[in-house]
Amino acid sequence: MTFLRQFAIIAGVSCLGEGLRALIPLQIPASIYGLVIMLLCLSFGIIRLENVKSGAKFLIEIMPVMFIPAIVELPEAWPQLAPVWAPVVIITVLTTFIVLFCAGRVTQFLLRRQEGRNGHE
Amino acid sequence: MSEWLSQSLFYGAAISLLAYEAGLLINRRFKLAILNPILLAAIAVIGVNAVLGIEYERYYDGAKYLSYLLTPATVSLAVPLYEQFSLLKSNWKAILTGLLAGVLASLVSVWLFSLLFGLDHTMYVTLLPKSITSAIGISLSEEFGGIAAITAPVIILTGILGNVMADFLFRLFRIVHPIARGIGLGAASHALGTVRAIEHGPVEGAMSSLAIAVAGLMTVVLASFFAPLI
Numbered sequence: 003m004t005f006l007r008q009f010a011i012i013a014g015v016s017c018l019g020e021g022l023r024a025l026i027p028l029q030i031p032a033s034i035y036g037l038v039i040m041l042l043c044l045s046f047g048i049i050r051l052e053n054v055k056s057g058a059k060f061l062i063e064i065m066p067v068m069f070i071p072a073i074v075e076l077p078e079a080w081p082q083l084a085p086v087w088a089p090v091v092i093i094t095v096l097t098t099f100i101v102l103f104c105a106g107r108v109t110q111f112l113l114r115r116q117e118g119r120n121g122h123e
Numbered sequence: 073m074s075e076w077l078s079q080s081l082f083y084g085a086a087i088s089l090l091a092y093e094a095g096l097l098i099n100r101r102f103k104l105a106i107l108n109p110i111l112l113a114a115i116a117v118i119g120v121n122a123v124l125g126i127e128y129e130r131y132y133d134g135a136k137y138l139s140y141l142l143t144p145a146t147v148s149l150a151v152p153l154y155e156q157f158s159l160l161k162s163n164w165k166a167i168l169t170g171l172l173a174g175v176l177a178s179l180v181s182v183w184l185f186s187l188l189f190g191l192d193h194t195m196y197v198t199l200l201p202k203s204i205t206s207a208i209g210i211s212l213s214e215e216f217g218g219i220a221a222i223t224a225p226v227i228i229l230t231g232i233l234g235n236v237m238a239d240f241l242f243r244l245f246r247i248v249h250p251i252a253r254g255i256g257l258g259a260a261s262h263a264l265g266t267v268r269a270i271e272h273g274p275v276e277g278a279m280s281s282l283a284i285a286v287a288g289l290m291t292v293v294l295a296s297f298f299a300p301l302i
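Chains A and B, in that order, are what the protein sequence lines are.
For the first sequence, position 69 (counting from the first letter as 1) is numbered 71 according to our numbering, and the numbering increases by one without interruption.
For the second sequence, position 125 (counting from the first letter as 1) is numbered 197 according to our numbering, and the numbering increases by one without interruption.
Bear in mind the hints are in silico, worked out from the structure with no lab data behind them.
One thing to keep in mind: the hints can contain errors.
Said to hold, decoys possible - Okay, derived cross-link-like pairs now, DSSO-like style, lysine-lysine, Cα gap no bigger than 30 Å in a straight line:
1. A:59 x B:165
2. A:55 x B:165
3. A:55 x B:161
4. A:59 x B:136
Pulled out of the complex, with its shape left as it was, chain A reads as follows (with noise of 0.2 Å):
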């Protein structure tokens, strides 16, 4: 399967998810309408494993570097930030700390008491 068919499906897919973020009044963005319906074309045989796995592959691969432009920015938004800073990233820091040990205790907690439910702990 070549790469241009897989990134057309993965294209296409985005586009479909662009079509749903406009028909539908929500603040949900494209890319997840995309994953969802991609999601779903996977499990419903529509789209195939093998014509899209080596694109997104890649794709998920390349990911860390779609973020830079966006932390290159971070300065950009000083003047905005500058008189609240403090509280700002006081704020950011703990409730990430806060979020990360919540959700991932809660899901250890209750994965655990399941294997040890079933036996097999």
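Model the placement of chain B on the given structure of chain A, informed by the hints.
Relative to chain A, chain B alone:
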């Protein structure tokens, strides 16, 4: 020279990719979490732009094609998620409850800290959607009357924090289960956390991808109950 570079359509993409390669080399050489390749690359680009006198807008003329790929890349996250779907099906209760705990933890902690620091309504709702993917978070912030220009960098900062600190936090909080690691990182640090989760393993990556979508949707629903609190 800066005039030629300012007009270049490829400068932004080229300097970003080169800086990322350099960041990867340094990261592999020293193996320190703080020497994170994305963070190093961004700092290097900011430095080079400053030295050459290139404004962000000119840099972004070329670099926007990297950001452009974020939508198809996010769509592609469905592939690893599909490959781990049986794991998701057999553990869906734990996963959804964990995500709900993460979303509530985010909303409640932003609310309490805003009270503690005496923030007004505008600053409170600006921070409220900080943990979710920027496309959802920024529009939520605007809807509640927040300042998008502050929400955007706060969301990015939240992402970098998770990406850089993941290993340290997993050890500190004793989170060892790969599903729990993926859910925690995705709920706390959206796509930037997911990029790090993928490096941990396929289960972590798939769960973190799921977390971006589900935590984002849960926040859309629940944030509207929290927004009027301050």
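- Message: Need the list of violated hint numbers for this structure, in ascending order.
- Response: Nothing - there is no hint that the structure violates, so all of them hold.
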